[in-house]
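When you get a sec, could you build the whole thing from the sequences and use the hints?
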Amino acid sequence: MKTLSVLPLTDMEMTAEEQQQVEEQVERLLSGQGSEVTVCDVGLEQSKPATLRKNVTYIVCAVIFNEKEEVLMVQEAKPDCYKQWYLPAGRVEVGESLEEAMKREVKEEAGFESEPVTLLLIQEQGPQWIRFIFLAKVTGGSLKSLSAADQESLQASWWDRQSELQLRGRDILRLIESGLKYRLSPCHPVTLPLDLSCRHVVQRLMLVFVGAEEHIWVLLIRAPEPHLPTAAAVRTHAVTWAANMVVQEAMQSAYYDHDVNTLGVLSLQHNGRQNGKTDGVCFNTLVALTPDHVQRDEDGRKVEWTPTGQPPRVEHPRYVWHEVQKQTLREKLLEKTRNAALVPIHSLY
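Residue 1 is where the sequence shown starts when you use our numbering, and the numbers rise one by one after that.
Heads up, some of the hints might be wrong.
What follows is a list of derived Cβ distance ranges for each label pair [as the list claims (entries may be wrong)]: (1) Lys277 - Glu27: 25 to 33 Å; (2) Gly211 - Arg273: 37 to 45 Å; (3) Asn55 - Glu113: 31 to 39 Å; (4) Thr57 - Ser145: 29 to 37 Å.
Calculated from the structure, these hints are not laboratory results. Just so you know, these numbers come straight off a predicted model, no measurement behind them. Yeah, the Cβ is synthetic: ideal placement off N, Cα and C, and Gly gets one too.
This is the structure in structure tokens:
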């Protein structure tokens with residue numbers, strides 16, 4: 001069987017117009033925008049279309065404060081956590097957007113009308129369980145009292161975070177702390193879900209390599225036109241493992257000598273109107289590929305390592321590194337990479 005030698009693609013194989021279009025796509029994502037997912041480049045054969053109540057569960061959770069910095073809590077009515085306290089939270093129902101689900105849960109459990117302010121963070125256990133935590137504000141309604149107790153909750157109350165309260169889970173303390181920190185000093189731009197449909201749970205990667213003298217490269221898929229890679233999440237791994245799948249395919253020899261670090265979410269796309277057809281989520285993420293400073297040979301022994309200042313060689317013919325040319329875009333990318341002022345996405349695996 002004949003073995004084909006694979007040569008790395010270069011910017012020279014991209015026209016000036018293609019390079020400009022790529023940089024415009026990067027600019028859009030950096031500004032919090034998105035675009036329809038028309039193709040999934042990696043992992044589609046290991047993924048099934050997302051379908052609520054079948055193979056994916058989305059949870060929404062609201063962190064809401066009053067003027068005294070007390071946090072809104074609800075007392076559970078469910079038998080397994082009866083009378084314990086938690087943040088307003090619950091499952092997204094078929095046909096709902098994430099924001100609609102959050103508003104409904106706050107209304108049902110706490111009695112208030114509300115509006116989301118921003119996503120605070122995202123937690124996941126693979127594509128089958130994802131929790132979206134919103135910082136939100138009250139816009140109307142009244143605090144739910146015991147006289148209005150139902151299957152959704154017994155009552156709601158404002159908690160000063162000092163008084164003793166029997167919590168359903170201490171995991172919410174981190175979420176409350178994130179909300180307080182954001183109110184004091186926003187650590188990322190306001191980020192709310194974009195109403196763009198997606199069939200699978202995918203990660204669109206702005207995968208960058210920062211080299212010498214602040215040069216920065218972005219990894220692209222070459223065809224049908226140069227674009228940022230999109231990879232499907234697989235059930236056996238964290239959602240962000242999709243970035244590792246791309247790097248393994250693009251530069252297999254260099255994979256174990258580099259760290260693949262998802263810095264955060266630039267924007268998030270979800271529609272949810274058609275069950276089984278638009279239940280997916282697209283996470284537009286910034287991912288940094290950085291050399292592992294402890295290099296080892298095939299026997300596991302440490303070897304001398306000298307940084308080259310260049311991205312690792314692309315070995316798969318459909319990938320290409322693009323060196324960002326536009327000065328202002330390069331500065332924005334470098335700043336985002338260093339400061340990671342993005343919505344965090346945390347794996348609970």
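Hints, one by one, checked against the model:
Against the hinted window of 25 to 33 Å, the Cβ-Cβ separation of Lys277 and Glu27 comes to about 30 Å, which satisfies the hint. Distance hint for Gly211 and Arg273: a CB-CB separation of about 43 Å, consistent with the stated range 37 to 45 Å. Judged by the Cβ atoms, the range 31 to 39 Å given for Asn55 and Glu113 holds: they are separated by roughly 32 Å. A hinted range of 29 to 37 Å for the beta carbons of Thr57 and Ser145 is consistent with their spacing of about 30 Å.
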